[in-house]
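Following the hints, position chain P against chain F.
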Amino acid sequence: MRIRRALAFPYRPAAGQCRPDCVIIRVDTDDGLTGWGEAYGADGMAALTCRAFDTLIAPRCIGQEVGEDIGLAQTIGAILHALGGSGPVAFALAGLDVALWDLAGKRRGQPVHALLGAKRAVTLASAVRLDYASLAAGSEPPWTQATLAGHAGLYLAGATLSQLQAARRAFPGAALMLQPPRPWRADAFMTRAAALRELALAWVEDPLWPLGDHTAQAALRARAGLRLAGGQLCLSRADAWRQMDAGAIDVLQISPTRLGGLSAAIGLAQHARSAGVDIAPLALGEGPGYLACLHLATALAPEALVCVHAPGASPALCGPAAAPGGNGARAPETPGLGADPDPDLLEAGQQRFHEAVA
Amino acid sequence: MKITAVDTLLCRLPVVHREGIPSLAGVPRKDFEMLLVRISTDSGLVGWGEAFAHYGTASTVQLAVERLLAPRCVGEDPRNLNRLVERLEQDLFRIGRTGPVAHAMSGLEIALWDLLGKSLDISVNQLLGGARVPSLRCYASLPRYGAADAVVHDCKTALARGFDAIKVHEIGVEELQACGRFMAANPGVDYMIDANCPWSLDEALHICALLESGPPVKWLEEPLKGPDDYRGLVELRRRGGIPVAAGENANEVHDFALMSQSGAVDFAQPSVAKLGGIGALLRVLDLLRDTAVQFAPHTPFLGPALVASLHVCAARAPDTFVECYFLDTPGNPFGAWTHPQDGRLRVPDGPGLGADPDPELLQAVAARD
Numbered sequence: 007m008r009i010r011r012a013l014a015f016p017y018r019p020a021a022g023q024c025r026p027d028c029v030i031i032r033v034d035t036d037d038g039l040t041g042w043g044e045a046y047g048a049d050g051m052a053a054l055t056c057r058a059f060d061t062l063i064a065p066r067c068i069g070q071e072v073g074e075d076i077g078l079a080q081t082i083g084a085i086l087h088a089l090g091g092s093g094p095v096a097f098a099l100a101g102l103d104v105a106l107w108d109l110a111g112k113r114r115g116q117p118v119h120a121l122l123g124a125k126r127a128v129t130l131a132s133a134v135r136l137d138y139a140s141l142a143a144g145s146e147p148p149w150t151q152a153t154l155a156g157h158a159g160l161y162l163a164g165a166t167l168s169q170l171q172a173a174r175r176a177f178p179g180a181a182l183m184l185q186p187p188r189p190w191r192a193d194a195f196m197t198r199a200a201a202l203r204e205l206a207l208a209w210v211e212d213p214l215w216p217l218g219d220h221t222a223q224a225a226l227r228a229r230a231g232l233r234l235a236g237g238q239l240c241l242s243r244a245d246a247w248r249q250m251d252a253g254a255i256d257v258l259q260i261s262p263t264r265l266g267g268l269s270a271a272i273g274l275a276q277h278a279r280s281a282g283v284d285i286a287p288l289a290l291g292e293g294p295g296y297l298a299c300l301h302l303a304t305a306l307a308p309e310a311l312v313c314v315h316a317p318g319a320s321p322a323l324c325g326p327a328a329a330p331g332g333n334g335a336r337a338p339e340t341p342g343l344g345a346d347p348d349p350d351l352l353e354a355g356q357q358r359f360h361e362a363v364a
Numbered sequence: 021m022k023i024t025a026v027d028t029l030l031c032r033l034p035v036v037h038r039e040g041i042p043s044l045a046g047v048p049r050k051d052f053e054m055l056l057v058r059i060s061t062d063s064g065l066v067g068w069g070e071a072f073a074h075y076g077t078a079s080t081v082q083l084a085v086e087r088l089l090a091p092r093c094v095g096e097d098p099r100n101l102n103r104l105v106e107r108l109e110q111d112l113f114r115i116g117r118t119g120p121v122a123h124a125m126s127g128l129e130i131a132l133w134d135l136l137g138k139s140l141d142i143s144v145n146q147l148l149g150g151a152r153v154p155s156l157r158c159y160a161s162l163p164r165y166g167a168a169d170a171v172v173h174d175c176k177t178a179l180a181r182g183f184d185a186i187k188v189h190e191i192g193v194e195e196l197q198a199c200g201r202f203m204a205a206n207p208g209v210d211y212m213i214d215a216n217c218p219w220s221l222d223e224a225l226h227i228c229a230l231l232e233s234g235p236p237v238k239w240l241e242e243p244l245k246g247p248d249d250y251r252g253l254v255e256l257r258r259r260g261g262i263p264v265a266a267g268e269n270a271n272e273v274h275d276f277a278l279m280s281q282s283g284a285v286d287f288a289q290p291s292v293a294k295l296g297g298i299g300a301l302l303r304v305l306d307l308l309r310d311t312a313v314q315f316a317p318h319t320p321f322l323g324p325a326l327v328a329s330l331h332v333c334a335a336r337a338p339d340t341f342v343e344c345y346f347l348d349t350p351g352n353p354f355g356a357w358t359h360p361q362d363g364r365l366r367v368p369d370g371p372g373l374g375a376d377p378d379p380e381l382l383q384a385v386a387a388r389d
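Chains as they are written, first to last, in my numbering: chain F, 7 to 364; chain P, 21 to 389.
Chain P on its own, in the form it takes in the complex:
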């Protein structure tokens, strides 16, 4: 089998807003951009992957696929996944160990696993030894509203839809206090806060003190400004009294060794669509074995990146709590596999990722520009 083409498809999924318009990096979020990486082969099999493309970075990642990855892949046998990925890493070590080129490589790697499974007619979880559970528990990962009423209302909606765990992305004191009151009134619901790197150590300690008087927080995620300020996280964890999560912005897999050895985190959050794909998640799991650090992958995705993470969790870490982006995107071509029921996502069992996009929906959401 030989690769005949590698290309990308940018999908813009319209978001149905329940509560106001959420924002990302200060930009109002009217739609959700999903960047698919597609590998075509001379066998007729097609592999699908997804690269991190939030924050408006899709077009840069697309250029990376087009200029840097595709020319190095065409003509290769996609089933030699390890060799192909290692060659890309060696060719691109000056530019591709982190950032958009690494994100592009992650999307490509996921598509290679999809193809490998399809070529053998087994699922990705079977390639990893088989799923230990048919479905995984999820938490609702709410978008950032920056408005107390909106986020509290969205928390209620999440519970009504069957979730028993909620992560908010609020950083304002008023919003956090409102969330705290809601969680206090709903004991038994797991409560997480994702700050997205806004604070200095002192500011974060101040927030920890404020949270201490409220309901338990399962983790405080990325509280500090420098995403890889692991020394700062060690200090915050020691003095703040609240479990810490981080890792979606780790530079590379080795960062997880640093985090776990130095005591920077309670929860490690590798991102399949940023860090190098399925192989990267497996390497992180190896690093975390026999440590007290729990695996909590970063999966605010609605396509192959989420599904790839489900396969890894089901086969290798079945107790994992999966992040489920709480956005309503009715036209999602992967909706059949990424839309939770009663707070759970089932693990596909078809060949590869077992989650090919619906062609008509795909056509409808493919970006025209």
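Isolated chain F, as found in the complex:
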């Protein structure tokens, strides 16, 4: 089976879905199968990730044999090693890798979690992401007890200390995870540490500016007495390993659409286990990236709390299987990732993206 076509589509979710842009990857083989993947496209990256895929990745995919071995993204990544272990080229490669796993599952008639070694799907505990950065200044967060229903926790993105304290009062028993609005300098973080400790957070994510000094973060972690998470912002697989080895984090957040796809996630999860680091897959979005994370968690970390977006007002790109519900997340049992993007929704999301840019 050879790759006949490899495409990248920028996708903007419908208004009210509260999800960032992403990039959907499509890989067609000459035996008529189609694999779907997803690459990181938030923070203004969708156009760049698509450009990198179209100009650098797709031409190196066409005509390539894909079979049992899911190594094409790593092979191309080795050729393009000068273009960054993170950033648009790396994101595009991660999306390709996810699509190749979807293809492999479809070819073998098995769900991806089975390819990864799981016997069956399980219901995963989830934390729902609440985006404080999207609130109008001074407005009260709209979230209620119903927001938490079916979830084990809240993943608070961009919340300030006072917003966090309010969330703790409103949801006394829930696991609370904080993604700070932006990392702090060490002294600024330490002045907040006591207040953060009182909130009994499940973790604080990437707290230290400048980023990347894992030894400094390890020292801070010991002083602050807080559980820290990281991984999304790692600049390469080796960087993620170093972060774990340095003792900089308690929780590794695995984001297959950013760093190496599912292939890299296997090694990262194994290393986390051996380093005594917990795993928290980031099953964000409503497409192939979300599904990939569910399969990953099912096979490699069934006990993990997966972070999901809130259910949207509109149908999810990959249908009900990819609609982050309130009753736990569960990987589909159907072959591959288990649900393809809806062609009309994909078209509409692309159109929204292009209209917004124009």
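Derived from the structure by calculation, the hints contain no laboratory data. Treat the hints with care, as some may be off.
Unchecked claim - Short, incomplete list of chain F residues facing chain P, as computed with Cβ under 10 Å:
(1) Ala192
(2) Ala194
(3) Arg198
(4) Ala201
(5) Arg203
(6) Leu241
(7) Arg248
What the hints assert, rightly or not - Stretches of chain F that chain P covers, calculated by requiring three or more beta carbons in the stretch to come under 8 Å of a beta carbon on chain P:
(8) 84-95
(9) 213-223
(10) 271-285
C-beta: ideal position from N, C-alpha, C; glycine also.
Chain P only, in chain F's frame:
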């Protein structure tokens, strides 16, 4: 002074081939792509920078400048360089610490230094305390031919043009043996090998064993597959017996602290056009101070990125050996400053980088698509 526009110009410099057609990342190299970042201001001064754009990545870097950087710069005073760069780093930390967005930021940063110097009517090396030397020694950095005859012939050409140091990019045993024989016959010529990340540790150790019987190798560059596998480099350095160089693919400045502290390299090779510009080179130099690691910046560039590196070396590291890409590009609009004489490049002393492009040549090589 306010920034009125930030844009890019992609130049395709036709390469005159001396020996066969070299390749880069498996693609035949018929021309050399140089991506310029241009900052225009309301004062009429224009700053020029250059972003890493090899391997066909120019259009992605261009999008980064257009969509992510330009809107954040227009209206700012370019002389507040530190503040502007720091704000970009803080805004783009989820996407811009490495890869094409970082490359775009590097090109922008170089252009900001050019403007700062021009606004004060002094050169970038003077902004750094002044050049300690009028010119810098260079080594000829040959393209990869993958053919023993071609690379040996090119080595001869380099010596004939006055170089006394050569780096080859060959990884085949036959080519390396041919280069080794040539170097053995030309003692006194510094010899470096840049592998570009092809081998496992065992494969690299095998190559080291093969090289051991030949003439001295000043450094073996990027021998291992993972460009930031610093632990692997420590091991290779310990067991391979050949000095190791790396750094052009460092993720960020902090990687140089890791490399020097762990003993991963003998030569550190930050890239001005990838790592964050002139400020990044200065930070790396600070990290290397009082260590045994030598500074050997990555400069296979033929425009502002090379010139920016010359200013930094002349002011802060005058013994540095500068990489000079051994490609003949007669239409280069920066040719007056990037074409070595007798194996040396002189340090420009005009305002800013002191190396504005020749407008007619620029017009001729600007990509039309």
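Outcome of the hint check:
{"no.": "1", "hint": "Ala192", "in the structure": "violated, 14 Å"}
{"no.": "2", "hint": "Ala194", "in the structure": "violated, 13 Å"}
{"no.": "3", "hint": "Arg198", "in the structure": "violated, 18 Å"}
{"no.": "4", "hint": "Ala201", "in the structure": "violated, 23 Å"}
{"no.": "5", "hint": "Arg203", "in the structure": "violated, 25 Å"}
{"no.": "6", "hint": "Leu241", "in the structure": "holds, 4 Å"}
{"no.": "7", "hint": "Arg248", "in the structure": "holds, 8 Å"}
{"no.": "8", "hint": "84-95", "in the structure": "holds (count 12)"}
{"no.": "9", "hint": "213-223", "in the structure": "holds (count 5)"}
{"no.": "10", "hint": "271-285", "in the structure": "violated (count 0)"}
Hint compliance for this structure: hints 1, 2, 3, 4, 5, 10 are not met, and every other hint is.
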